[in-house]
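Protein chains in written order, with my numbering: chain W, 1 to 221; chain G, 222 to 682.
Mixed in with the good hints there might be a few duds.
Far from chain G, some chain W residues (derived; all Cβ distances over 10 Å) [to be verified]: (1) His18; (2) His75; (3) Ile215.
Just so you have them, the derived chain G footprint on chain W, three or more residues with Cβ under 8 Å [stated by the list, open to error]: (4) 95 to 103; (5) 172 to 178.
Simulated from the structure, these hints should not be mistaken for laboratory data. Note that beta-carbon positions come from the ideal geometry of N, C-alpha and C, so glycine has one too.
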Amino acid sequence: MITLEQCQRRLGPGVVFHCEHFHAPAGAHVALWGPSGCGKSTMLNLISGLLTPDAGRVVVDGVETHKLGDAAMDHFRGERFGFVFQTFNLLAPFTALQNIMLAMRFSDTVPSSEWRSRARELLERVGLEHRRHSRPATMSVGEQQRVAIARALANRPKIVVADEPTGSLDPKNAQAVMELLLEVCDEAHVTFLLVTHERGLAHRLPNQFDCSVLIREEARS
Amino acid sequence: MSLWRIAWTYLWHRKLTTVLTMLSVALGVALITAVLTLRDETRKRFEEEGQTFDIVVGAKGSALQLVLCAVYFMDRPPGNIALDVYEAIREEEFVHAAFPIGIGDSFQGFPIVGTTSEYLEHTRLDVRTEERARVLAFAEGRNFEAPMEIVLGAHVARTTGVILGDQVVGTHGFIELSERVLEQVGGHSHADTPYMVVGILQPSNSPNDRALFTDIHSVWEIHGEAGHFPEWHGAEEDDHADHDHVDECEHEYEYELEREHEHAHEQSGTSPQEQQTHAADQVTAVLVQLDSPGDRFYFKDLVNRKYNAAADIPIQVIERLYDQLLSTAKTVLLAVGYLVVVVSALSILIGLYLSILQRRRDLAIMRALGASAYEIFGAILIEAFWVTLLGIGLGWLLGGATTYGLSAVISARFGMTIGAFTLGRDALNAYGVILFVGMLAGVLPAWQAYRADVARDLARA
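Chain W extracted, bound-state conformation (with noise of 0.2 Å):
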């Protein structure tokens, strides 16, 4: 499903993000385990297409994205993914039934007539549709995060992205919130990339990924 080979990112002076190789199966939940500035972040953007590595192969669902031009890894990042941030990343000026909708509005996954009923749905589905008409300034971080989760399998992906997703909420919504993205993931049989510094966090999942070394500093000449 996930396949990074040989993929090289100059992320600044003197600083260089090398994968060596990683696979992630379909329907796969892998947690990229590691401590902050590994390179956790640069894997994640590398795999969607938010980053363009300088060399190796990045290949998703049978795609060689590296190879897509900006315009075409936009379409697929919004067909394919669903994410989810550590900081919820709700537009502000939209209610949560627009900021679902919003997701569906850039990727041609779901037909327009039915945006409104599946993001009432989804809503429903993580026990805020009596919030639908509340805008994220409203609502408590444990429902902006859930209000992520909805948005992040609205276009029904095949992978759903994680950064971080309990890194600003309690122990108690902590806990909801992952049970929550395992359990819709399981539902919607996608594939889920896990980012977390937590280890304990990253074990609750079947496969680890130690990103602790893909961080590399050139030698200097």
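Given the structure of chain W, go ahead and fit chain G onto it with the hints provided.
Coordinates of chain G only, in the frame set by chain W:
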């Protein structure tokens, strides 16, 4: 959810900035709208009236003064011409109708026009249908049939409150002053020769609304027998001894009377005494309607060659006035308007640019959700489009309201009602240019958003 809706939502989200930017656009648009509407509408009305009469014949001198006086009743008479000229012109070939005009007196500042009763039945040629239609209609009463009977224009009746059967007293000149002031400055009213109001005209949206019409014999009778000029001079001399109590307004009136008096002498080449003697043999002007407007130039030349008088084509004089004098004023005002629009465009640019800086993360999220860089570029341009379009809409309303306010002044002064909320071709072109400038102002912020580093912007806390 379309890009239009997304752009609109973001604008709505920062209402204050949006409204302030929109207002700055609206101010420029309002100024441009008011200038163009006033120009177009007044020109249309002036030309409409100018087209009613093909030729105006009057004393040699300023063509503009003659046209403004005889056609629009807005200026002092440039002088008089012999009655024989009117009678001869009436008999000329190609002449459909000719109306003598005698102007000199006023009632509460509105000119009293001496003419024939046929003037109030004059027609206007519709160049498209080539049919003539009557211009004036009576709201009450009838046309004047005898000397000292008078018909009031609609605006005069409404403003002065004079009704059918009332008597009105004319005053020499065109300035409205009380009897007390008139006495102080040496002018006087014709209190001994009042007019009887026999008719009131319907509003015609023309200078006729703010004039009074009487038989030209009435004018001759009053001026021929009373001989005002010598009396005024005598009165002025008497008053000079007691000048201290005369205020500035009265000085001004005295000066006006003297100028009119001297001007009349220069034009006619006669002494006041001679003028008094011959008053009944003169008219201020002759308004001529030809069988065909195509004969205007020929007829103008004919009159200028054949008679001791000057002939002019009213519409040509008015167009010259607009093209030469008023176009400069219009250009200056339009330049100011466009300058305001350029400043507004800068405020659109700054407003959007700052908003892009604040929304970098939002735009990056959209990109992560699958929005292409082109869609982001388009959404920002649409925001510029919305702000400019709303500014234009608001500016059009403000400009219309300004014109509406000014139309009352124009109506009172020139007897013409102008449309305030119109959409002329020039205005539409101007709005197109403004819309383009506004969107151009959105290009830089849109480009900034287009080439954003999504991964970096997403990583921002």
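For each hint, the structure was consulted:
Non-interface call for His18 (chain W) relative to chain G: holds, since the shortest CB-CB distance, roughly 17 Å, exceeds 10 Å. Some Cβ of chain G comes within 10 Å of the Cβ of His75 (chain W); the nearest lies about 7 Å off, and the non-interface call is violated. Consistency note on Ile215 (chain W): stated as away from chain G, and its beta-carbon is indeed over 10 Å from all of that chain's, at 15 Å minimum. Beta-carbon proximity to chain G at under 8 Å applies to 4 residues in the segment 95 to 103 of chain W; the threshold of 3 is reached and the given coverage holds.
Counting residues of the segment 172 to 178 of chain W whose C-beta lies closer than 8 Å to any C-beta of chain G gives 0; at least three are required, and the coverage claim is violated.
Of the numbered hints stated above, those contradicted by the structure are hints 2, 5, listed in ascending order.
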